[in-house]
Every structure is written in structure tokens, then in C-alpha cells.
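Colleague: Sequence:
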Amino acid sequence: QVFEGFGWHVQEIDGHNHEEIREALEKAQVVDRPSLIIGKTIMAMGSATMEGDYETHGAPLPLDEIAKTKEKLGLPSEPFYLPNEVISHFQNRFNSLKEKVIDWNESVSESCKDKNFKLLWNNTVKEELDNIDLPVFERGASIATRKAFGTTLDEFAKQLPSLVGGSADLEPSNYTGNFASTYGDFSKDNRLGRNLAFGVREFPMAAAMNGIALHGGLIPFGGTFLVFADYERPALRLGAIQNCRVIHEFTHDSFWVGEDGPTHQPIEHAMALRAIPNLNVFRPADAQETTACFKMSIEQKSSPNALLLTRQGVKVLDQSMEKTIDGVSKGAYEVTNCDNPELILLATGSEVGLAMEVSQLMQDKKVRVVSMPCWEIYEKQPEDYKSLLIPKRGAMKVSIEAGITMGWDKYIGSNGLSIGLDHYGASAPGKDLAEEFGFTATKVEAKIREHLNKLL
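Numbering (my numbering), first residue to last: 2 to 457.
No lab work stands behind these hints, which were simulated from the structure alone. Fair warning: there could be bad hints in the mix.
No more than 20 Å apart at the CA atoms, straight line, and that leaves these computed lysine to aspartate or glutamate pairs for EDC-like [to be verified]:
(1) K387 x D410
(2) K119 x E100
(3) K448 x D423
(4) K71 x E86
(5) K367 x E446
(6) K119 x D104
(7) K444 x D423
(8) K387 x E377
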């Protein structure tokens, strides 16, 4: 009744009756509403003596029960018996579906004669985007990466009609509001709307995005605060298992959230997301990296993607978009220009700019600054590239990230230093917290020099 109250098309059937199942599916395909089919079933239906026995739910039938059941059903006792009519049915069905595949491919080829459809189709299925205009950001300008996401989203949305999505009732904070007002909400009265008004429902949002991706033809995105990624976790994991191409926007990515305090300040969340296999976790350093990460997320055809974005403004690095895109495509890259470094600073997100400031304070050392927007992409790079960028021997490595330090040891080694936050935050302005937690250039420099002295 709850689903009926929401306006769904609801059917209740005997889940063992093939005709009822077939009829219910046919009805569900013609109604103009979401459908729910409730099939009432009995565990181990048809077995000799164990119908309805809960122990059959997670275990095979005992051998004697199998023998009795085959006798009851009039089947031969031989193991793995398969009737000829079943084999024939599957062979006929295969040939029928093969014809449908041929018809589908011919239909796509015919549609691709239209250049606009062909461009859209290619950008939906190919590994790299063609002819996409990217936004331009002023070098040195202070721009929150969440705001850069909104600018990038608007630019891509104009050129990719297959891009759909929304926010968990956080449009102003996630900077998806312009997308919503431009393209309108999808509804029963506006089937052309591209904004999905998810409401405060983070898990259903992520689950719906998976479903859209599995259907194909559309590229879904969804936004919320990073601290709420925990609500999405089961859907994030299933999306990774099912190779769903989706874009999760997680803003307010560190203690820089400020006055909302520790309940809304992510600490462990970036590492928790990195723990999910086949989930690309991007934490861009600036506006240009945000655009590059967004572009690369769309190009990942068999992985979901999470973009972790700042609330506060961060300076746009003094480098070309071409260098940024190339660097992000490798998962990690040098943003300075230092050969044979004595010290390598590894950072993500807002801490890349901080690492650059630290390098200026340590000009008595040869310092390389590496931006690592995506560990998962970096791990796929050739060993030659990785050993040159972050050599295991020689230079001391320091990681700088506004979150827990767990996991960084794989890059900094036994003599390295990990600067992070292994405790919850506090309620205060972001700048005050940065001072308190040691995320200023002078305090980071002091920690590094102290560690270097210990190694002497």
C-alpha cells in the first residue's frame, strides 16, 4: 500500500506460476508508472519433504532429499539430468536474441547517420570524449573545487545531453542548482527533465544512479556532503561490483567545513572510499584538476567515480589545462619542476597548495611536490613512471592530507612522515582549525624539519 500511495503500479502474483510471471512482466512494460511485482513464494517449493523449511534458504538439499524430490517430480535419478526440451528451448531463445542484437546494431548504425546523434553516441560509449569545450579558470584565483564542479557540470551538460542527475537536497551547497533550473526536474509531467530531485535520500540516490548506469545510454551524477558517503556505502560497493559508470560528487571534504563541527567534518571518509575496490576516488587540487577529474570520470566506462571537493576556496595552480589533464590521467604527477629531489611532498586536494607553500619555505632543499588526485588511477601506471615520480629509495617522502594518515605508508615508506588528522575535528572557522591542527605552511615545515633532524 505504501508503493500504491506513491503512485506505483503494484501487482501481487504467485511467484511459482510461470504464466502469472509472464503476464505481470508484460503489464509492467506498458504502464507509464514505476512497477512493483510482488511474487509470493515458498522456500524449496516442489521438494519431497522440505517445502517451507528455512534451512533450505542457504544450503543445498541433502542427497536423500534430492533423490526423493526427483522421484516425486518423475525425473531420472542421474546427476545433472537436463531434458532435451530444455536444451531445445535455450537454443531457440539464443537464436531469437541473436536476431534482436543484429536489429539493434543496424538501428544504431542508421541513427548514427545523423551527426548530432553520432557525437552523442560516441561520447556515451567511447573511451575518450570528442570535441568537448572545457571551462577556463584564471590561474591564481581562489575557487572552491565544489564551485568548479558546478561550472564544469554546466559546461559538460550543454554538450552531453546524456548527462543527468541531481543532489540530495543540497543544490546550493553542491553547486548543482544551475543544472536543476536550466534543465528542469524529471517528472511524470516533464519526461525531458534532466534533474533528478532525489531529496534527502543519499542511499536511494546512489542506488538509482547505479540503475540508470546499468540501463545504459545515460551518465548519472549525484551530489551530497562527503560525511554522508556512509549512507551511500552499500550502493557504492554494488556500483563498483557491477562496473557502473556514475559520478558521485562529495563536497565539504575536510575540517575546513568549519563551524558545523566534527559531525560534519570528514576525517576517515577518503580512506574508507579508497578501500572499495574499483571505485576511483578523486580529490582534485584546484579548479582545473576538478574539470580534469570530471572529464576522466565520464571516460571511465567500467568504474564508478567519487569526486571529493572543498568548501573553501583554493588557488588555481600556475599550469596549463593540458598539463593538468595529462597529470590527472596518470593519477599522480609533479606540479613543481625538480630533478633528483631530496624531499618529496605528496598531497591531495586543498593540501597540494599547502605543499607548494611549504616548498617555498624549504628552498635550502631540493623539493618535489606531487599532486595525487587519484590513487586508483596511479596504481595502474607503468612501474617506470611510478619509480621515477615517487622512488622507493633516496628522497624522504612526506604525505599531507586533511584526513586520517592510515594508508599513506605505502607511498612514504618506513622513514617517511605522514601529516594528517587522526582525530575528529571541532567547531570553529576553518582558518582557526588549520592553525590548531597544524595545517599551515610554517607548522608543516617545522614538522618536516624536525623529522629530518631525527633521521640524521
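Colleague: Take the hints in turn and mark each one as holding or not.
Modeller: Status of each hint after checking the structure:
no. : hint        : verdict
1   : K387 x D410 : holds, 16 Å
2   : K119 x E100 : violated, 23 Å
3   : K448 x D423 : holds, 16 Å
4   : K71 x E86   : holds, 17 Å
5   : K367 x E446 : holds, 14 Å
6   : K119 x D104 : holds, 18 Å
7   : K444 x D423 : holds, 17 Å
8   : K387 x E377 : holds, 13 Å
Checked against the numbered hints above, the structure violates only hint 2.
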